[in-house]
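Trainee: Spelled out from the first residue to the last, the chains are:
Number of protein chains: 2
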Amino acid sequence: MNTRYRRQSWLTVGLLIFFLVNAIPAQAAPPLPSWNEGPTKSAIVEFVEKVTKKGSPDFVPENQRIATFDNDGTLWAEQPVYFQLIYAIDQVKKMAPEHPEWKTEEPFASVLKGDMKNVIASGKEGLMKILAATHANMTAEKFRANVSDWLKTARHPKTGRPFTEMVYQPQLELLDYLRANGFKTFIVSGGGVDFMRVFAEKTYGIPPDQVIGSSLKAKYEVKDGKPIIIKLPEINLVDDKEGKPVGIHQYIGQRPIFAAGNSDGDYQMLEWTTAGAGPRFGIILHHTDAEREWAYDRESHVGKLDKALDDAGKKGWTVIDMQNDWKTVFPPAKQ
Amino acid sequence: MNTRYRRQSWLTVGLLIFFLVNAIPAQAAPPLPSWNEGPTKSAIVEFVEKVTKKGSPDFVPENQRIATFDNDGTLWAEQPVYFQLIYAIDQVKKMAPEHPEWKTEEPFASVLKGDMKNVIASGKEGLMKILAATHANMTAEKFRANVSDWLKTARHPKTGRPFTEMVYQPQLELLDYLRANGFKTFIVSGGGVDFMRVFAEKTYGIPPDQVIGSSLKAKYEVKDGKPIIIKLPEINLVDDKEGKPVGIHQYIGQRPIFAAGNSDGDYQMLEWTTAGAGPRFGIILHHTDAEREWAYDRESHVGKLDKALDDAGKKGWTVIDMQNDWKTVFPPAKQ
Numbered sequence: 182m183n184t185r186y187r188r189q190s191w192l193t194v195g196l197l198i199f200f201l202v203n204a205i206p207a208q209a210a211p212p213l214p215s216w217n218e219g220p221t222k223s224a225i226v227e228f229v230e231k232v233t234k235k236g237s238p239d240f241v242p243e244n245q246r247i248a249t250f251d252n253d254g255t256l257w258a259e260q261p262v263y264f265q266l267i268y269a270i271d272q273v274k275k276m277a278p279e280h281p282e283w284k285t286e287e288p289f290a291s292v293l294k295g296d297m298k299n300v301i302a303s304g305k306e307g308l309m310k311i312l313a314a315t316h317a318n319m320t321a322e323k324f325r326a327n328v329s330d331w332l333k334t335a336r337h338p339k340t341g342r343p344f345t346e347m348v349y350q351p352q353l354e355l356l357d358y359l360r361a362n363g364f365k366t367f368i369v370s371g372g373g374v375d376f377m378r379v380f381a382e383k384t385y386g387i388p389p390d391q392v393i394g395s396s397l398k399a400k401y402e403v404k405d406g407k408p409i410i411i412k413l414p415e416i417n418l419v420d421d422k423e424g425k426p427v428g429i430h431q432y433i434g435q436r437p438i439f440a441a442g443n444s445d446g447d448y449q450m451l452e453w454t455t456a457g458a459g460p461r462f463g464i465i466l467h468h469t470d471a472e473r474e475w476a477y478d479r480e481s482h483v484g485k486l487d488k489a490l491d492d493a494g495k496k497g498w499t500v501i502d503m504q505n506d507w508k509t510v511f512p513p514a515k516q
Numbered sequence: 182m183n184t185r186y187r188r189q190s191w192l193t194v195g196l197l198i199f200f201l202v203n204a205i206p207a208q209a210a211p212p213l214p215s216w217n218e219g220p221t222k223s224a225i226v227e228f229v230e231k232v233t234k235k236g237s238p239d240f241v242p243e244n245q246r247i248a249t250f251d252n253d254g255t256l257w258a259e260q261p262v263y264f265q266l267i268y269a270i271d272q273v274k275k276m277a278p279e280h281p282e283w284k285t286e287e288p289f290a291s292v293l294k295g296d297m298k299n300v301i302a303s304g305k306e307g308l309m310k311i312l313a314a315t316h317a318n319m320t321a322e323k324f325r326a327n328v329s330d331w332l333k334t335a336r337h338p339k340t341g342r343p344f345t346e347m348v349y350q351p352q353l354e355l356l357d358y359l360r361a362n363g364f365k366t367f368i369v370s371g372g373g374v375d376f377m378r379v380f381a382e383k384t385y386g387i388p389p390d391q392v393i394g395s396s397l398k399a400k401y402e403v404k405d406g407k408p409i410i411i412k413l414p415e416i417n418l419v420d421d422k423e424g425k426p427v428g429i430h431q432y433i434g435q436r437p438i439f440a441a442g443n444s445d446g447d448y449q450m451l452e453w454t455t456a457g458a459g460p461r462f463g464i465i466l467h468h469t470d471a472e473r474e475w476a477y478d479r480e481s482h483v484g485k486l487d488k489a490l491d492d493a494g495k496k497g498w499t500v501i502d503m504q505n506d507w508k509t510v511f512p513p514a515k516q
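Chain order of the listed sequences is A and B.
Positions 182 to 516 (our numbering) are the ones given, in order, by the first sequence.
Positions 182 to 516 (our numbering) are the ones given, in order, by the second sequence.
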């Protein structure tokens with residue numbers, strides 16, 4: 182018996198023992214523990230199993246297993262208003278001492294007085310001013326640091342929890358489950374891309390380059406010998422409605438096979454995703470749980486869900502009924 | 182001895198044998214076989230080893246190991262002209278029968294007559310017309326199919342090889358080596374993103390969402406019940422010079438620690454990458470090999486390398502001397 186052969190047979194014995202011993206307790210934990218048994222959970226599991234089963238007519242190679250998730254109202258809560266708007270308002274208040282003119286200048290005066298009705302009445306133009314003041318004319322680095330600082334101390338007005346704990350436990354499990362099955366998970370959100378990138382990796386396991394969102398234009402320059410990226414007060418992409426398939430085209434470069442949303446702003450992303458050939462999965466989170474979260478849809482000022490709810494049946498989209506389909510909504514508080 | 186203990190000790194024995202046996206032949210193939218031994222190869226290997234060595238002061242966590250590569254002249258050749266321009270010209274010729282007006286309309290008339298001097302003389306405006314005719318006003322799907330068809334039959338005018346074989350074997354090995362060490366590899370190129378995405382995965386192992394390039398605006402619409410993405414004849418991003426750090430900011434969302442280029446168009450990407458804190462690596466491919474490839478730099482009409490070559494020393498960028506550092510330039514022809 183030569184050395185090579187001896188080595189190989191020991192290897193075989195070693196591997197055999199290893200696999201035999203492991204075969205006994207090899208039951209993986211069942212997926213999606215925070216999802217109640219029922220048609221919604223079954224539909225997800227059936228889809229994932231069929232696209233990952235080699236030899237199945239529905240098999241999809243790993244490099245095409247692209248899953249896109251909206252953020253506000255899909256991965257984390259969006260009530261009473263989008264969390265990024267709370268950030269912007271907090272920043273205006275923080276910056277106010279350096280801007281005495283804001284005491285009389287709208288929409289800043291209303292923000293400082295806490296008159297949100299007036300702020301909203303200032304419309305797109307007003308919101309653009311708030312956006313420019315809090316999101317632009319600064320380096321990308323400074324913006325990231327501001328958001329990061331804010332996330333450490335800001336608390337949700339109703340629950341008192343950090344915003345990064347206002348995420349949906351069942352969706353965290355869904356992201357993990359998809360990734361464990363070879364999916365590449367992306368965020369495709371109307372929210373600001375630079376804002377989400379600060380927490381997406383730690384909170385959702387989604388790295389910055391897999392976060393797509395609305396963005397401002399930016400410029401590169403060398404200032405006092407130091408290269409910087411400056412965020413400009415000009416819209417680059419509005420990643421909402423028709424903007425979502427466009428964002429997917431520009432950033433991902435291929436059509437997803439799985440898309441998750443919760444509002445009419447996700448309609449086109451789901452439509453684009455599920456109109457492709459082969460197996461496709463579209464899923465909509467319907468906020469039906471006034472007790473554990475919020476209940477809203479057709480008439481809501483955030484996350485309005487109307488047309489997508491009407492068309493879900495004929496488009497073959499799965500609708501999550503939060504109250505019935507989810508065992509838990511939020512993860513346990515971190516110590 | 183209870184069952185659990187017995188199981189564990191068998192597992193230990195199995196694993197022990199497995200690892201002992203494997204420890205003997207565990208020499209991995211040496212990296213970068215097409216690179217000659219010397220300071221360039223050593224610099225690459227030393228960088229990769231120090232950033233991946235746990236406990237080293239230069240250790241970089243995997244999620245920050247971002248490497249960006251220019252494409253034209255860095256991953257594949259760019260002489261006698263950018264390959265994408267050859268594509269555009271071939272498309273004009275192919276489309277000409279449907280456009281009788283091109284016989285007299287510039288720059289199309291010159292393209293059809295093969296008068297490249299006149300085409301180039303038509304300047305930005307002329308090139309935009311060619312771009313609009315060959316890259317826009319069609320669905321993203323149609324464009325992809327056109328490029329894919331072209332790549333199957335088009336041949337390089339000098340070597341007669343398919344363009345996807347005009348790639349640099351040492352760079353393919355460098356990409357593999359970086360990925361084997363936990364790097365995420367990206368293309369950041371002045372070339373068109375939709376063009377490169379057609380071949381980047383198969384050719385370089387870089388998936389579509391990790392390809393960043395110049396792009397046109399796009400719109401989403403539903404036509405005859407079918408959702409489509411249409412490429413518009415309007416520039417979205419020019420991913421060259423100052424546009425490269427901007428593209429990195431918009432698409433990757435974090436600063437690379439490794440960047441590779443070959444021309445002054447890559448200056449800002451290398452500057453941005455290597456000005457960050459901690460270990461950084463900038464590398465420039467200098468085309469010095471008139472025999473096996475081309476020799477060009479300061480005066481070239483493509484891939485002009487002038488300022489970046491002057492500043493490489495003081496910026497700490499490594500310069501690849503193609504003639505001396507590379508054992509092979511192109512991979513063997515595929516059968």
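Some clues are possibly wrong.
Note that identical chains are pooled: a pair holds if it fits in a single copy or bridges any two copies.
As the list claims (entries may be wrong) - Taking lysine-lysine pairs in the DSBU-like style, the calculated list, with each CA pair at most 30 Å apart, reads: (1) K422 to K398; (2) K485 to K496; (3) K422 to K407; (4) K323 to K400; (5) K400 to K488; (6) K294 to K515; (7) K234 to K407; (8) K383 to K235; (9) K422 to K400; (10) K339 to K310; (11) K333 to K323; (12) K274 to K305; (13) K339 to K400; (14) K496 to K231; (15) K422 to K515.
Hints in this document: simulated from the structure, not taken from any laboratory.
Trainee: How do K485 and K496 come out at 30 Å by Cα distance, when the copy is not named: within, between, both, or neither?
Mentor: Within one copy only: 18 Å inside a chain, 52 Å across chains, cut-off 30 Å.
Trainee: Is it within, between, both, or neither for K496 and K231, if the alpha carbons may be no more than 30 Å apart?
Mentor: within (20 Å within a copy, 52 Å between copies)
Trainee: At most 30 Å between CA atoms: does that hold for K400 and K488 within a copy, between copies, both, or neither?
Mentor: between (38 Å within a copy, 21 Å between copies)
Trainee: Quick one: K234 to K407, C-alpha cut-off 30 Å, is that within a copy, between copies, both, or neither?
Mentor: Answer is between: at 29 Å across copies they meet the 30 Å cutoff, but 52 Å inside does not.
Trainee: How do K422 and K398 come out at 30 Å by Cα distance, when the copy is not named: within, between, both, or neither?
Mentor: Classified as both; 20 Å inside a copy, 16 Å across copies.
Trainee: Since the copies are identical, ignore which copy is meant and state whether K333 and K323 lie within 30 Å (CA to CA) inside a copy, between copies, both or neither.
Mentor: Within one copy, since 16 Å is at most 30 Å while 47 Å is not.
Trainee: At most 30 Å between CA atoms: does that hold for K323 and K400 within a copy, between copies, both, or neither?
Mentor: Within one copy only: 14 Å inside, 32 Å across.
Trainee: 30 Å Cα cut-off: does K383 pair with K235 within a copy, between copies, both or neither?
Mentor: Result: close only across copies, 21 Å inter versus 32 Å intra.
Trainee: Given identical chains, is K422 near K407, meaning Cα to Cα at most 30 Å, within a copy, between copies, both, or neither?
Mentor: The answer is between: 16 Å across copies meets 30 Å, while 38 Å in one copy does not.
Trainee: Classify it for me, K274 with K305: is the Cα-Cα distance of at most 30 Å met within a copy, between copies, both or neither?
Mentor: For K274 and K305, only the intra-copy Cα distance (20 Å) is at most 30 Å; the inter-copy one is 47 Å.
Trainee: For K294 vs K515, is the C-alpha pair at or below 30 Å within one copy, between two copies, both, or neither?
Mentor: Classified as neither: same-chain Cα gap 33 Å, cross-chain 71 Å, threshold 30 Å.
Trainee: Give the relationship of K422 and K515 under a CA distance limit of 30 Å: within one copy only, between copies only, both, or neither.
Mentor: neither (35 Å within a copy, 45 Å between copies)
Comparing the model with each numbered hint stated earlier shows that hints 6, 13, 15 do not hold.
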